[in-house]
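Colleague: Now for the letters of each chain:
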Amino acid sequence: MNLEFSEEQKMLQKMVRDFANSKVAPFVERMEKGEFPRPLLKEMGSLGLMGIPIPARFGGAAMDFTSYIIALHELSKISATLSVILSVHTSVGTFPILHFGTEKQKETYIPKLARGEYLGAFCLTEPEAGSDASALKTQAVKEGSSYILTGNKIFITNGGEADVYIVFAKTAPTLGKKGITAFIVEKGTPGLTFGKDEKKMGLHGSRTVEVLFDHVRVPEENRLGEEGEGYKIALSGLDGGRIGIAAQALGIAERALEKATEYAKMRKQFGRPIIENQGIAFKLADMATMVEASKLLVYRAADLKSKGLNCGMESSMAKLFASQTARKVAIEAVQIFGGYGYSKEYEVERLFRDAKITEIYEGTSEIQRIVIGKHLID
Amino acid sequence: MNFKLSEEHEMIRKMVREFAEKEVAPTASERDEEERFDREIFDKMAELGLAGIPWPEEYGGIGSDYLAYAIAVEELSRVCASTGVTLSAHTSLASWPIYKFGTEAQKKKYLVPLAQGKKIGAYGLTEPNSGSDAGGMRTTARKDGNSYVLNGSKIFITNGGVADIYIVFALTDPEKKHKGTSAFIIEKDFPGFKVGKKEKKLGIRSSPTTEIIFEDCRVPAENLLGEEGQGFKIAMMTLDGGRNGIAAQAVGIAQGAFDLALNYAKERVQFGKPIIANQGISFKLADMATKIEASRLLTYQAAWLESQGLPYGKASAMAKLFAGDTAMEVTTEAVQIFGGYGYTKEYPVERYMRDAKITQIYEGTQEIQRLVISRML
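Chains as they are written, first to last, in this note's numbering: chain A, 1 to 378; chain B, 1 to 377.
With the rest of the complex left out, here is chain A:
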């Protein structure tokens, strides 16, 4: 057992932390006002952060999966908005092509995605298909050497901004899960448009958009994997995606804990710092313990994935626990700040708003429990 990061991983951690503190932090206010952080993504591209776990032959940084998780973790402390953009881009926007694409597809898309020249997105969710993803209705009808896609997807992170969309549609509607096929659809393809831009509780600046397919013609060579393989491809992305979201939640929780602890040491009432009250010290102790546990769960799952080992249960546990921790810790952090915690002049109320979504997307906590439960049965 070894719980230390390698030298290379430590260097990446430091680089991302410095980037987050010096470049991302000043941009947070703009994101809160709804601005999509293009300039930051551009800089991340030049720093190699848009393709951390992607092989060198495709222009990636060729680091391991744990390194990628370290980067998401560090970014999330400063901006959960920025980290979700990156997480979706890499975990579910790039990896599916890397793992299931033809050589030609990989060569066409991976280098641009890895450099951050292209941004990726993942289109699975529909109004009637949330947790029940395989109930999706978007259709893909074969016509000559193309597929015609018709339907709509909702809640798509990076929607409207992304250049490449991994889209899941039914080539065989009567076959349920086995009738789903994955496609790579480029922005600008006729018939591909963007609808509603959701206004959300948090994660401001991250575009969450409806993606509409009005008889979108997708050439055969843009089918990803085989017909009927789509559901498998979707789920394969989710494992890594879950660990990414777990890392995001961990970053939020750590930041909230840090801010709350700082404040509790500094804020004096009744003649002493409020941390000297057991009511506050014990709270912080519980928060810190949950954060430690989350950290270990996240990195255990990342390590397994890095080594190509099965990590279905571990990634679900990490996502479930870390997201709950983020929400609990952020709520308590606002509490510790008292009235000031409720004011937008202090950061903790944003952490409160950002934390909640981590319990919902990329598989709700309920779905995570179903996954874990199934592993327990087996």
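The set of hints was computed from the structure by calculation and includes no laboratory data. Hints are supplied without guarantee of correctness; some may be wrong.
[As the list claims (entries may be wrong)] Derived BS3-like pairs (lysine-lysine); straight-line CA-CA distance at most 30 angstroms: (1) A:K199 with B:K200; (2) A:K196 with B:K266; (3) A:K265 with A:K42; (4) B:K143 with B:K14; (5) A:K374 with A:K33; (6) A:K328 with A:K259; (7) A:K196 with B:K345; (8) B:K314 with A:K137; (9) B:K266 with A:K328; (10) A:K328 with A:K265; (11) B:K100 with A:K259; (12) A:K196 with B:K4; (13) B:K200 with B:K100; (14) B:K14 with B:K4; (15) B:K266 with A:K177; (16) A:K142 with A:K196; (17) B:K22 with A:K259; (18) B:K188 with A:K200; (19) A:K268 with B:K345; (20) A:K137 with A:K259; (21) A:K283 with B:K284; (22) A:K265 with B:K198; (23) A:K283 with B:K314; (24) B:K345 with B:K14; (25) A:K344 with B:K100; (26) A:K232 with A:K187; (27) A:K200 with A:K142; (28) A:K200 with B:K14; (29) A:K283 with B:K291; (30) A:K33 with A:K328; (31) A:K137 with B:K345; (32) A:K33 with B:K314; (33) A:K112 with A:K14; (34) B:K143 with A:K374; (35) A:K33 with A:K137; (36) A:K33 with A:K142; (37) A:K33 with A:K10; (38) B:K143 with B:K200; (39) B:K194 with A:K268.
Starting from the known structure of chain A, fit chain B onto it as the hints suggest.
Modeller: Relative to the frame of chain A, chain B by itself:
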């Protein structure tokens, strides 16, 4: 013993619920986004007699009781927590101290228009350095002839900027600290009084929260409320009742969020069945419903005790503690039950989650409630 509400109480609930659904609910989300207080809503509440529920008719009220008032705050908060706290601060924090400690002249001059809703009330205790430690305040009130001159500032004042009357606490004898604090009735037009910064907040955004500033603010001596040196006691006793108003607000918030979540869980079909058919969801709802019931009972108990003239300090602290925590838990779970939709502003539950948080903080943080309760065990 009787747990059934009287006909009068049921009528008030029905009346306020209808009013809330018709006049308050439709604009709740947009007022939240725009951080906009709507004076018209308050005026309409006043027309229904809601601005002076517990006060006798001779003082402009409707001669009902604290339980009816708690029910009104609950029903308003069920659709809009901001409207709930507007009424709560106006009634418990501004009107009550005048009712309890005011001279007849003060009651006629101030309580009547407050009860009639012609004027809005507020309460200024908190300062940057004195939150939980209210006794650490620094605002001073120097006696000068037949006036007091106030200097200092208060922050986080609910109804700040829209109120006409502010109950303010200041040190008439700084050396005596708690025992040197006095309460004053401030009119917004007194020279030297001004409204400062308006807070941008996480929730209850259509309830204005501002700073109020006193720069050699001259207050007539007859606006001293109670005796010199009695201020801290007045402040604390006022909060005892105020916290039950917040408990009622929390119950309303929780109930509103719960109703939305229950409805959604019955309608939303995934995996071929409504999501409520999963124990993961139905058990969650069962726990939520149970906690709301308990919160409501604690709140009504405190209100009943107050109405009976019995001690209610411990009961109101318990109600506020439990109901506030319940509101936070229930609203968080309600967002969860709505899934992705719960996170969007198209559905109101995310507002309820943001609104719920403040009930654990103001009018005495949960930590203070625990202090109060533990001291009374």
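Colleague: Against each hint, give a clear statement of whether it holds in the structure.
Modeller: Checked hints:
As the CA atoms of K199 of chain A and K200 of chain B are separated by approximately 18 angstroms, the hinted pair is consistent with the 30 angstroms bound. Note on K196 of chain A and K266 of chain B: the hinted pairing holds, with a Cα-Cα distance of about 26 angstroms set against a maximum of 30 angstroms. Between K265 of chain A and K42 of chain A the CA atoms are separated by roughly 38 angstroms; this puts the pair beyond 30 angstroms, and the hint is violated. Pair hint K143 of chain B plus K14 of chain B does not hold up; C-alpha atoms about 49 angstroms apart against a cutoff of 30 angstroms.
Between K374 of chain A and K33 of chain A, the direct Cα distance comes to roughly 42 angstroms. Violation of the 30 angstroms bound is thereby established for this hinted pair. Using a Cα cut-off of 30 angstroms, the hinted pair K328 of chain A and K259 of chain A holds, with the two alpha carbons roughly 14 angstroms apart. The straight-line distance between the Cα atoms of K196 of chain A and K345 of chain B is roughly 12 angstroms, inside the 30 angstroms bound, and the hint therefore holds. Restraint check: the Cα-Cα separation between K314 of chain B and K137 of chain A comes to about 57 angstroms, which exceeds 30 angstroms; the hinted pair is violated.
Under the criterion of a C-alpha separation no larger than 30 angstroms, the hint pairing K266 of chain B with K328 of chain A is consistent with the structure, at around 27 angstroms. As the CA atoms of K328 of chain A and K265 of chain A are separated by approximately 20 angstroms, the hinted pair is consistent with the 30 angstroms bound. A threshold of 30 angstroms between alpha carbons decides the hint, and for K100 of chain B with K259 of chain A the separation of about 42 angstroms lies outside it, so the pair is violated. With a C-alpha separation of about 48 angstroms, the suggested pair K196 of chain A and K4 of chain B falls outside the 30 angstroms cut-off, and the hint is violated.
Proposed proximity of K200 of chain B and K100 of chain B is contradicted: the alpha carbons are some 33 angstroms apart, above 30 angstroms. Distance hint between K14 of chain B and K4 of chain B is fulfilled; the C-alpha atoms sit about 15 angstroms from each other, no more than 30 angstroms. As the CA atoms of K266 of chain B and K177 of chain A are separated by approximately 25 angstroms, the hinted pair is consistent with the 30 angstroms bound. A C-alpha spacing of about 28 angstroms is found between K142 of chain A and K196 of chain A, which places the hinted pair at or below 30 angstroms, so the restraint holds.
Distance restraint check for K22 of chain B and K259 of chain A: the Cα-Cα separation of roughly 42 angstroms exceeds the 30 angstroms cut-off, and the hinted pair is therefore not satisfied. A C-alpha spacing of about 38 angstroms is found between K188 of chain B and K200 of chain A, which places the hinted pair above 30 angstroms, so the restraint is violated. Proximity of K268 of chain A to K345 of chain B is assessed by CA-CA distance (about 37 angstroms); at most 30 angstroms being required, the pair is judged violated. Under the criterion of a C-alpha separation no larger than 30 angstroms, the hint pairing K137 of chain A with K259 of chain A is inconsistent with the structure, at around 45 angstroms.
Distance check on the hinted pair: K283 of chain A and K284 of chain B sit about 25 angstroms apart at the alpha-carbon level, within 30 angstroms; holds. Between K265 of chain A and K198 of chain B the alpha-carbon distance is near 27 angstroms, which keeps this suggested pair within the 30 angstroms criterion. Proximity of K283 of chain A to K314 of chain B is assessed by CA-CA distance (about 23 angstroms); at most 30 angstroms being required, the pair is judged to hold. Proximity of K345 of chain B to K14 of chain B is assessed by CA-CA distance (about 28 angstroms); at most 30 angstroms being required, the pair is judged to hold.
Of the supplied pair hints, the one linking K344 of chain A and K100 of chain B is violated, its CA atoms being roughly 36 angstroms apart against a limit of 30 angstroms. At most 30 angstroms may separate the alpha-carbon atoms for a hinted pair to count; K232 of chain A and K187 of chain A meet this at roughly 24 angstroms. With a C-alpha separation of about 37 angstroms, the suggested pairing of K200 of chain A with K142 of chain A is violated against the 30 angstroms cut-off. Among the hinted pairs, K200 of chain A with K14 of chain B is inconsistent with the structure: their alpha-carbon atoms are about 33 angstroms apart, more than 30 angstroms.
Among the hinted pairs, K283 of chain A with K291 of chain B is consistent with the structure: their alpha-carbon atoms are about 22 angstroms apart, no more than 30 angstroms. Simply put, K33 of chain A and K328 of chain A have alpha-carbon atoms about 25 angstroms apart, close enough for the 30 angstroms limit, and the pair holds. Taken as a hint, the K137 of chain A and K345 of chain B pair is honoured in the structure, with Cα atoms around 25 angstroms apart against an allowance of 30 angstroms. Using a Cα cut-off of 30 angstroms, the hinted pair K33 of chain A and K314 of chain B is violated, with the two alpha carbons roughly 43 angstroms apart.
Pair hint K112 of chain A plus K14 of chain A holds up; C-alpha atoms about 25 angstroms apart against a cutoff of 30 angstroms. For the proposed pair K143 of chain B and K374 of chain A, the alpha carbon gap of about 75 angstroms is over 30 angstroms, so the pair is violated. For a cut-off of 30 angstroms, the pair hint linking K33 of chain A to K137 of chain A is broken: about 34 angstroms separates their Cα positions. Restraint check for K33 of chain A and K142 of chain A: not satisfied, since their Cα atoms lie roughly 43 angstroms apart, outside the 30 angstroms limit.
A C-alpha spacing of about 33 angstroms is found between K33 of chain A and K10 of chain A, which places the hinted pair above 30 angstroms, so the restraint is violated. With a C-alpha separation of about 36 angstroms, the suggested pair K143 of chain B and K200 of chain B falls outside the 30 angstroms cut-off, and the hint is violated. With a C-alpha separation of about 28 angstroms, the suggested pair K194 of chain B and K268 of chain A falls inside the 30 angstroms cut-off, and the hint holds.
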